[in-house]
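Q: Build out the structure end to end from the sequences listed, making use of the hints.
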Amino acid sequence: MSTDSSALEKPEYPPMDLSVPQFTFRAVMTGMVLGGVLSLCNVYMGLKIGWGFNMSITAALLSFGFYKMLNATLQTREWGMLENNINQTAASSAASISSAGLVAPIPAWTLITGKELGFLELIVWTLSVSLVGVVVAIGLRKQMLIEDALPFPGGIAAGQTIKEIYAKGKEAMARVWMLVGGIVGGAATKIGFKMAGIGTISIPGAVGSFSFKNLTMAFSPSPLFVAVGAIIGARASLSMLVGAVAAWCVLGPMAMENGWITGKLDGEVLLLTDPRWLAAKGDAGWFKEMVTWLLWPGVAMMVTASLTSFSFSWRSVLGAFKRGDGGNAIKEEVKEEVSRKLHINLIAVVCLVSVALQYLLFGIGWGLATLGVLLTFLLAIVAARVSGETGITPVGAMGKVTQLTFGVIDGSNVSANLMAANVTGGAASQCADLLHDMKTGLMIGASPKQQTYSQFAGVVSGAIFGSMAYMVLVGDAAQLQALWDDPEWAMPAVVQWRAVAELFQGGIESLPMGAVPAMLWGGVVGIVAAVAEKVLPKNLAHWVPSPTAVGLAFCIPAYYAVSMALGGVISIICLKYAKEWSSRFMVVLAAGLIAGDSLMGVGMAIWKILAG
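When we follow our numbering, the leftmost residue of the sequence shown carries the number 1, and every step to the right adds one.
In case anyone wonders, no lab produced these hints; they're calculated from the structure. One should not assume that every hint holds.
As the list claims (entries may be wrong) - Distance windows between CB atoms, simulated:
id : residue 1 : residue 2 : range
1  : D485      : E268      : 31 to 41 Å
2  : P537      : A356      : 47 to 57 Å
3  : Q505      : A279      : 44 to 54 Å
4  : W543      : K579      : 42 to 52 Å
As the list claims (entries may be wrong) - Straight-line C-alpha distance at most 20 Å; calculated PhoX-like pairs for lysine-lysine:
id : residue 1 : residue 2
5  : K576      : K608
6  : K170      : K68
7  : K213      : K288
8  : K213      : K68
9  : K579      : K163
10 : K608      : K194
11 : K264      : K281
12 : K168      : K579
13 : K213      : K264
14 : K341      : K194
15 : K163      : K68
16 : K213      : K281
Idealized CB from N, CA, C, for every residue including glycine.
A: See below:
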């Protein structure tokens, strides 16, 4: 399943259907409740693996099954397709609240400074970050979805699922039960592995004097990672495997041999080739140490690839906020878009609120706070393209650009480095995630204006539920430190944000040795690969590894990429030998496995905390 946007022709979308209910009370409330619950999954996954996923399909199927039962037992009005679209939009925006800082910059800020945000402060802050992303998404919708016709695989999957469950009676409930089965299976597998003490499975081998275990080159049997690989498809998942091998088996060992990567042991900084380090940590994985170096070429590759790819559409950028004839049904659609005047006012209000909160909550100067918000608009474009091609939104990578900028300007200001970058990364992520939902709306003839209103409702719910989840899972500084020291919680996103903030306290000259040339090479690879995707014939461009997926693999443990690659291979086999079954159930089953695994993980974490 390729996510190569250059290989896709602009699709024809159906006209909007304004004759049936869309933005109803029950649609919005269902989305807010489901999204609030599903936000637990993304907060959990964010702390575990550094990112979350669009929960649209899960919300659409669960609501369909729920209202189908209500209709059969209480003869309630049938749950319409466009109502369901409003539900899934609100649920998705609520579930995406993890990107507003809950799984990376906020815990990193607490770990460095010892300061904490209260429950109400968390709600207000995450809401403000998300709202910036929503208003940016409004402006990018036409350019990204209509003009560039990016695939946004999550949006396509949700749109196809919604259309098919309403086109076929028994088929719809079959998918619902497959989703429920996936949830149960994911949860049961999670608790079964926990009780049996099964974690990552080591792969025999070594690179020089470094074992595969040191290099995180292993396999995680968790259904969560395999399911993720099945959803993002073969090209993206196998590209991540290529990136993992390049990063963790080639560049990483080279950097360690050259003394460019160090670790702390009893407060002393040691080379990873030091006998004392090997004696104490020789049988452990070194993700937290290695990623502080590897993230730099990875981030450079993602950013340059995204900007290069986007440069091929520069004319569309100029028209992103303009009204034009566009494609099919665009003239009619203008009436159902948020008006230019309202959009401009919304941008002004949410940006002003964001700047004010940075000053009031974190003491960030007005100038730096404003710069962070302005960077959001540029980086939202990058995040949208990455997400549109791979289905994964690189929150950390987008935040790194702002952290790098603030490190040069005022590296000693940890709050500015982290929390202004929180706005950039979080809002850019929310923007990209919401464009998946807008893709779904285009496919089924939904009103973009009513969909936008549901997005606003969803982020309110997400801010409340997500902040509750954070307070339970992370809590205060002492509880966070205990979680940080727990080997079961890798917290890769927190590792990256914390490392960059601490690094730039000493200025840009404090970059690790060898990082600058690695960044240059990563940037060149990103540019070349992005150009190749655009200029090569379609049959050849399909085989070019996705530079954004390759770069992402530099920032996560290798065993995540190995397991996701397995999921991608399984998707190839299923599509080849069980095409009909795959089209009906593969994405649904994968979504259920993800939800079941992560919800059970949240439940187990809560139980562990409550049990003391």
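Q: Indicate, hint by hint, whether the structure satisfies it.
A: Status of the hints after comparison with the structure:
no., hint, result
1, D485 to E268: 31 to 41 Å, "18 Å, violated"
2, P537 to A356: 47 to 57 Å, "52 Å, holds"
3, Q505 to A279: 44 to 54 Å, "31 Å, violated"
4, W543 to K579: 42 to 52 Å, "22 Å, violated"
5, K576 to K608, "43 Å, violated"
6, K170 to K68, "11 Å, holds"
7, K213 to K288, "13 Å, holds"
8, K213 to K68, "49 Å, violated"
9, K579 to K163, "18 Å, holds"
10, K608 to K194, "12 Å, holds"
11, K264 to K281, "11 Å, holds"
12, K168 to K579, "18 Å, holds"
13, K213 to K264, "19 Å, holds"
14, K341 to K194, "54 Å, violated"
15, K163 to K68, "16 Å, holds"
16, K213 to K281, "11 Å, holds"
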